[in-house]
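Novice: FYI, the numbering for the sequence shown is 1045 to 1272, going by my numbering.
It should be emphasised that the hints constitute simulated quantities derived from the structure, not laboratory data. Just so you know, not all the hints are guaranteed correct.
Pairs of lysine-lysine residues, derived as PhoX-like cross-links and limited to a Cα-Cα distance of at most 20 Å, are as follows [said to hold, decoys possible]:
no.: 1; residue 1: K1128; residue 2: K1156
no.: 2; residue 1: K1093; residue 2: K1177
no.: 3; residue 1: K1122; residue 2: K1156
Pairwise CB distance ranges, derived in the manner of DEER restraints [to be verified]:
no.: 4; residue 1: E1264; residue 2: A1129; range: 50 to 56 Å
no.: 5; residue 1: P1202; residue 2: W1253; range: 34 to 40 Å
no.: 6; residue 1: E1264; residue 2: G1110; range: 57 to 63 Å
no.: 7; residue 1: E1181; residue 2: P1119; range: 16 to 22 Å
no.: 8; residue 1: L1246; residue 2: L1203; range: 39 to 45 Å
no.: 9; residue 1: D1137; residue 2: D1103; range: 19 to 25 Å
no.: 10; residue 1: K1214; residue 2: R1152; range: 25 to 31 Å
no.: 11; residue 1: A1136; residue 2: K1214; range: 22 to 28 Å
no.: 12; residue 1: R1131; residue 2: T1227; range: 25 to 31 Å
no.: 13; residue 1: R1084; residue 2: K1156; range: 18 to 24 Å
no.: 14; residue 1: G1095; residue 2: I1242; range: 33 to 39 Å
no.: 15; residue 1: R1131; residue 2: R1219; range: 17 to 23 Å
Keep in mind the model is a prediction, meaning the values are calculated, not measured. Using N, Cα and C, we set each Cβ at its ideal position, and we do this for glycine too.
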Amino acid sequence: MKGKGTSQKVAIVGVGLMGGSLALALRQRGGWRVAGLARREETLRVARKRGAIHQGSTDPAQVIPGSDVVVFCSPVDKIVALAKAYRRFYAADALLMDVGSVKAPLVRVLEKQFHGRGGPVFVGAHPMAGSEKTGVENARADLYQGAVCAITATRRTPLARVAQAADFWKSVGARTLVIDPDTHDRAVAVVSHLPHLIADALALSAGQWRNADGTDLLKELAAGSFRD
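Start from the sequences and build out the full structure, keeping to the hints where you can.
Specialist: Take a look at the structure:
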């Protein structure tokens, strides 16, 4: 890692709500050169307009090389494939992280691939933050402020890298909790995934309900409890 007072580079893979908010927070904090990797040029245009990134590209070869930290903010089912595909671009001492809400399957694969023996290290992370909105246009510099970020370390994770990951998320305002991936997934399934599933099912059910005369009576009767 670079010495104190020297700007570091972070590559953010996926500049949507989560990645864009992280970029804004790091730009606000200072001390980081923020590079964004996105699938669409339009996403990068909006990210630049909002001041989220210093540089951006749809080409990983233009974004990832030389990065001290690489954070995958892409959909959970894409993270493993992307992390493997970009292997040739990583600096030897890079810290690789993600923001996925499911950890055990990712950690099992990527910890074997990137364990620090002469190369980069993967440390799983899950900031408990988000919004019903999506896209970099809805990103906020304060999204992670006060949020808990789970650092899903295992016995194989170098302690120095756990500390580095925790410091990174604390720097954007998060509170960190070190927890093993399987325990994380069981707990988050109950406290986060299940409530989302129930809420989605309720919303779909209510959306399909009609009164006998065909009127949308639920729309008239829905109050604060349904909104919440």
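Novice: For K1093 and K1177, compute the direct alpha-carbon distance and say whether it is at most 20 Å.
Specialist: It holds: about 19 Å lies between the C-alpha atoms, which stays within 20 Å.
Novice: Between the alpha carbons of K1122 and K1156, is the straight-line distance 20 Å or under?
Specialist: With Cα atoms ~17 Å apart, K1122 and K1156 stay inside 20 Å; holds.
Novice: May I ask you to test the hint 18 to 24 Å on the CB atoms belonging to R1084 and K1156?
Specialist: Cβ of R1084 to Cβ of K1156: about 32 Å, so the range 18 to 24 Å is violated.
Novice: Look at the Cβ atoms of A1136 and K1214 and judge whether their distance stays inside 22 to 28 Å.
Specialist: Holds, at about 25 Å.
Novice: Can you tell me whether the CB distance of L1246 to L1203 sits inside 39 to 45 Å?
Specialist: holds (44 Å)
Novice: Evaluate the given range 57 to 63 Å for the C-beta pair formed by E1264 and G1110.
Specialist: holds (58 Å)
Novice: What's the verdict on K1128 and K1156, does the C-alpha distance respect the 20 Å limit or exceed it?
Specialist: The given pair, whose Cα atoms are some 11 Å apart, holds under the 20 Å limit.
Novice: Regarding K1214 and R1152, is the given constraint of 25 to 31 Å on their beta-carbon distance met?
Specialist: Because 26 Å falls inside the window, the suggested range holds.
Novice: When you take the CB atoms of E1264 and A1129, is the distance between them in 50 to 56 Å?
Specialist: holds (51 Å)
Novice: Regarding E1181 and P1119, is the given constraint of 16 to 22 Å on their beta-carbon distance met?
Specialist: Roughly 18 Å apart at Cβ, these two residues keep to the hinted range, so it holds.
Novice: Does the hinted range 25 to 31 Å hold for R1131 and T1227 at CB?
Specialist: holds (29 Å)
Novice: Okay, D1137 versus D1103 on CB: inside 19 to 25 Å?
Specialist: holds (23 Å)
Violated hints, listed in ascending order, are 5, 13 and 15; each of the other numbered hints is respected by the structure.
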